[in-house]
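Participant: Residue numbers (our numbering), protein chains in the order written: chain L, 1 to 396; chain Y, 397 to 522.
Treat the hints loosely; a few may be bogus.
The calculated DMTMM-like cross-link candidates involving lysine to aspartate or glutamate, where the alpha carbons are at most 20 Å apart (straight line), are [claimed, not checked]: (1) L:K196 / L:E232; (2) L:K153 / Y:D456; (3) L:K336 / Y:D435; (4) Y:K445 / L:E126.
Source of the hints: derived by calculation from the structure; they are not laboratory data.
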Amino acid sequence: MKNLLLFILLFSTLSVTCAATNNGSCEVRGTGDLGLIIERATGSAQIVNTSTNKSLFRVKGLGDLSHASVVYSRDARYAYVFGRDGGLSKIDILCGKLVKRILQGGNSIGGAISQDGQLIAVSNYEPGGVKIFSAKDLNLIADIPSSKINDKKNSKTVGLVDAPGQRFVFSLYDSGEIWMVNMQDTSKPVIRRFKKIGTQPYDGLITPDGRTYIAGLFGEDGMALLDLWHPEKGIKRIMDAYGRGEKKLPVYKMPHLEGWAVAGDRAFLPAVGHHEVLVVDNKSWKQQAHIKVYGQPVFAIARPDGRQIWVNFAFPHNDTIQVIDAESLKIIKTLKPGKGTLHMEFTPRGEAVWISVRDKDEVQIYDTETLQLKATLAVTKPSGIFFTSRAHKTGL
Amino acid sequence: MMKNLFTIVFILIASTNSAFCDAISETRKQEILQILKHDCGSCHGMTLKGGLGPSLLPKDLKRMSEKQIVLTITLGRPGTPMPPWEPFFNNEETHWLAQQLLNGVTFSKTSLKPLNNASNNENNHQ
């Protein structure tokens, strides 16, 4: 009896000690200056602090991250990572811990979080379609297969974004459609389908105000626009000159439209195939100018104040970044971070930009006023960088 | 005698030359595999099991001959996003790459670098 008591006493002390250790490894702080960097080749991610330029944690076991994206819970404590292998991982960034991971599909491309923060939607290549999960426990809430393209396959889905009114909007690559899903009633998703929007939509974007969804087309020139305030008006084709043109120039990496640059009344878009960034009026969607750049642009991203546009490029020009002055439309700086310069992310108010340099195994941090390198961080094969300021932005 | 010497020298030069051209250096092979993993991988997946582009795993490539694969890499596939890679690989390299794909590629594993904190640029002379 005495022994048993002793045992219980010992055991309870032990468990208390463990719990204390566990709490000790979590940060007691806000997350506003934190972020996550994908380590694409090792299925891991680093949690970083953008005030101190330091790494806090590394989280492992996230699967195949060759193409990965991240959204944040609205309390900005949890990061949801969408991996190429269909993995959906929920990470507690204060504790640097993987909370839950599910394999929800065979091959996925990205995801979105609903307006109210309760739902996570994932866009899948295989099986083609969108699945919607509870943000809390990652339980499946809705499964929305896309249009069939043959006996075995459904259309791949791309360009998935959240929109106001508990909506998700996405494009269907093989069948040339845009679908809008209303999740007000989670037991009854209402799908509105827009057909014949153009061939091979490869990515989509939503304007920061959440009103306009635009799909880029790979198979033909122009873009497809949907006004979410007036879906009854259907799809409008814009920017007929936007695309690969008659010569159908080869494209060595698909440009990304997410995170597109809006500066004042202008939008800056990566051209498809051409070594150009296009400048368009974001009211009339007419092209105003095109800026010659170093290679085929992948991302064109505006500094949060809209004064600079930072551009990176596809293979074989992916060792370079160019900075465009949004007012004069001139290139004010050409930087050479190194081979495999894959992604850029601005700190919340834009005094610094973090740049992934894959082949150097580092993230470089630049001062956006002086355009000088101010620090580097060791990150293994870094790709996407995602700061928590995304938590409160529609479409990110 | 002189003629023979000439012939020998000629043969020597020719053989050295062709041996030199035939061989893809180990460094170049690694470079090509790096392009395969990361750049082809941006559409076909880093493990080559497919993404926006189809799977490049041996079981899925079986229906294609080496020649067909070489043609696809060289000229791309009109009507799809697959671009021509002719500017980046010579004929020999393309054949070597096609053989690698048919036999199955195992990429060397990336090892994680230890976590370290940002170094100030003034202190690091890169």
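Participant: Does each hint hold? Answer for all of them.
Facilitator: Going down the list of hints, with the structure as the test:
no., hint, in the structure
1, L:K196 / L:E232, "holds, 15 Å"
2, L:K153 / Y:D456, "holds, 15 Å"
3, L:K336 / Y:D435, "holds, 19 Å"
4, Y:K445 / L:E126, "holds, 11 Å"
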